[in-house]
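Colleague: Residue strings, one per chain:
Protein chains: 2
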Amino acid sequence: MLIGAIEAGGTKFVCSVMDEFNETKDRCVIQTQKPEDTLAEVVDFFKDHPIESLGVGAFGPIDLNVKSDTYGTIKNTPKKEWKDFPLLDELKRIIGVPVAVDTDVNAACLGEFRFGAAEDVDSAMYITIGTGVGAGFVKDDEVFKGVTHPEMGHIKVKKMDGDTFRGSCPYHEDCIEGLVSGPAIEKRTGIKGADISVDDPVWETVAHYIAEALVNYTLVLCPERIIIGGGVMKQAHLYPLIRTEFKKILNDYIEIDDVETYITAPLLNDDQGVIGAAALSKDIRG
Amino acid sequence: MLIGAIEAGGTKFVCSVMDEFNETKDRCVIQTQKPEDTLAEVVDFFKDHPIESLGVGAFGPIDLNVKSDTYGTIKNTPKKEWKDFPLLDELKRIIGVPVAVDTDVNAACLGEFRFGAAEDVDSAMYITIGTGVGAGFVKDDEVFKGVTHPEMGHIKVKKMDGDTFRGSCPYHEDCIEGLVSGPAIEKRTGIKGADISVDDPVWETVAHYIAEALVNYTLVLCPERIIIGGGVMKQAHLYPLIRTEFKKILNDYIEIDDVETYITAPLLNDDQGVIGAAALSKDIRG
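One line per chain: the protein sequences are A and B, in this order. Numbers in this note's numbering are just positions in the first sequence, counted from 1, shifted up by 226. Numbers in this note's numbering are just positions in the second sequence, counted from 1, shifted up by 226.
Among the clues, some could well be false.
It does not matter which identical chain is meant; a pair holds if it fits inside one copy or across any two.
[Said to hold, decoys possible] Straight-line alpha carbon distances no greater than 16 Å define the calculated EDC-like cross-link-like pairs of lysine to aspartate or glutamate that follow:
#, residue 1, residue 2
1, K306, E262
2, K371, E307
3, K293, E450
4, K301, E481
I should point out that these hints are in silico values taken from the structure, not numbers from a laboratory.
Input sequences plus hints: build the corresponding full structure.
Modeller: So, in structure tokens, the structure goes:
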């Protein structure tokens with residue numbers, strides 16, 4: 227039995243065919259171009275594989291309100307050619323199998339929850355810090371959705387005394403994405419994150435703001451684990467800095483047994499998205 | 227068929243006996259004293275009413291982790307006599323019927339969700355702003371719980387430029403409770419909220435911070451409605467101020483169809499807690 231999965235990102239689509247044990251049978255990476263060109267390549271990849279269903283973790287914003295007329299449609303994205311593109315309906319039509327769709331971060335969260343860093347707990351958040359900041363939440367094996375999908379990367383945090391950097395988000399001053407994303411770090415320092423030395427004090431600032439966001443998420447969602455991934459977190463020295471700041475800010479208000487396991491790195495390398503998409507697909511097959 | 231409900235607050239216990247149509251059959255208010263004295267009066271009230279089950283919305287922090295050995299026990303409260311008091315087990319023992327317990331704000335949220343200001347939607351938050359700030363969240367008719375109950379009243383928000391007030395919360399500088407609770411308003415102005423004139427600029431500050439918190443809750447939980455109650459919100463002129471600030475801060479990042487119905491006052495007067503407690507009680511009866 228074969229399952230299809232797509233991590234549909236703004237720069238690339240990772241397509242995968244897996245068996246029921248999550249074993250990858252085939253895989254390809256497609257550059258994200260215009261919708262019709264991208265989907266032509268997607269069809270081309272899947273046509274040789276008799277998949278029974280397809281799961282998609284998509285970039286967004288995407289309409290995930292099942293009651294809505296535009297369920298599964300990409301909404302107001304800066305990628306103009308994709309704006310209002312009915313991704314779910316088009317994939318159903320061209321692949322001809324049942325398709326499940328969720329956000330990229332929800333899919334990644336489900337992947338880590340079922341097979342990765344949160345396999346042993348009942349609820350977890352997955353946060354990606356890269357070009358943007360996004361987060362998903364899974365509880366009791368179910369992806370959390372509100373009336374629309376959460377936009378947790380845009381919560382605002384308390385600013386550090388004396389920090390005059392106004393953030394890089396065009397929508398909100400001092401939202402977490404505008405303070406800790408890759409572009410935000412580059413805007414603040416004038417240097418790409420990967421080129422900034424490990425002992426540069428900017429990492430303490432970044433860790434502090436990430437910790438402020440984690441404290442807010444903790445107080446609202448109370449997950450059993452928080453997994454942080456994404457390009458910025460390739461700077462592995464950030465993890466201990468974040469944990470230290472987190473403890474300082476939370477100030478024992480909620481008991482967290484062990485902050486080392488509470489705030490952790492992903493276990494599925496960069497595959498949580500596609501593995502989670504496959505999990506979504508298995509779920510609609512029932 | 228009779229149902230028992232208790233809104234177990236830090237200053238008073240409101241006990242109620244209702245029929246299956248939420249009709250109140252009897253009711254009493256007990257001052258919160260030492261646990262044994264308070265519960266003696268509770269037993270005294272219920273002994274004449276053959277209730278089939280009891281629901282309790284309790285002050286806290288209370289352990290709501292069903293897997294925990296101290297499930298239903300009041301934890302680290304400043305009310306010393308209640309610290310480590312096994313409220314759930316004691317009520318079961320002395321009343322002799324099945325007892326369901328949740329936080330006061332979760333119960334209140336469930337009350338407004340089923341019978342009040344959120345009767346027509348699938349998810350809602352209830353926030354109380356009074357001596358403290360607390361919030362509950364109900365989605366698809368179920369009270370939301372993480373690994374412990376949320377402490378949403380302690381999230382931190384972006385500070386207004388030039389605001390040097392450090393908040394009144396002993397745990398966290400600039401958490402929302404420390405900025406907008408009754409005691410916070412009094413600490414900031416030197417005047418009790420009820421005595422501050424409606425056109426005093428402090429209300430704009432308070433509305434701004436409440437709106438900052440609502441934006442963060444919205445981005446994380448995406449509820450369909452937010453209901454704000456509690457003593458501070460008796461200042462009804464706050465509602466339009468909060469809505470205006472909310473729109474300004476969210477800056478259209480998430481589409482909210484109608485902010486007038488999205489942010490609203492409770493409908494159950496001060497009875498959402500006890501009505502929600504009765505709802506909890508009906509649920510365990512099945």
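Colleague: Looking at the structure, which of the earlier hints fail to hold?
Modeller: 2
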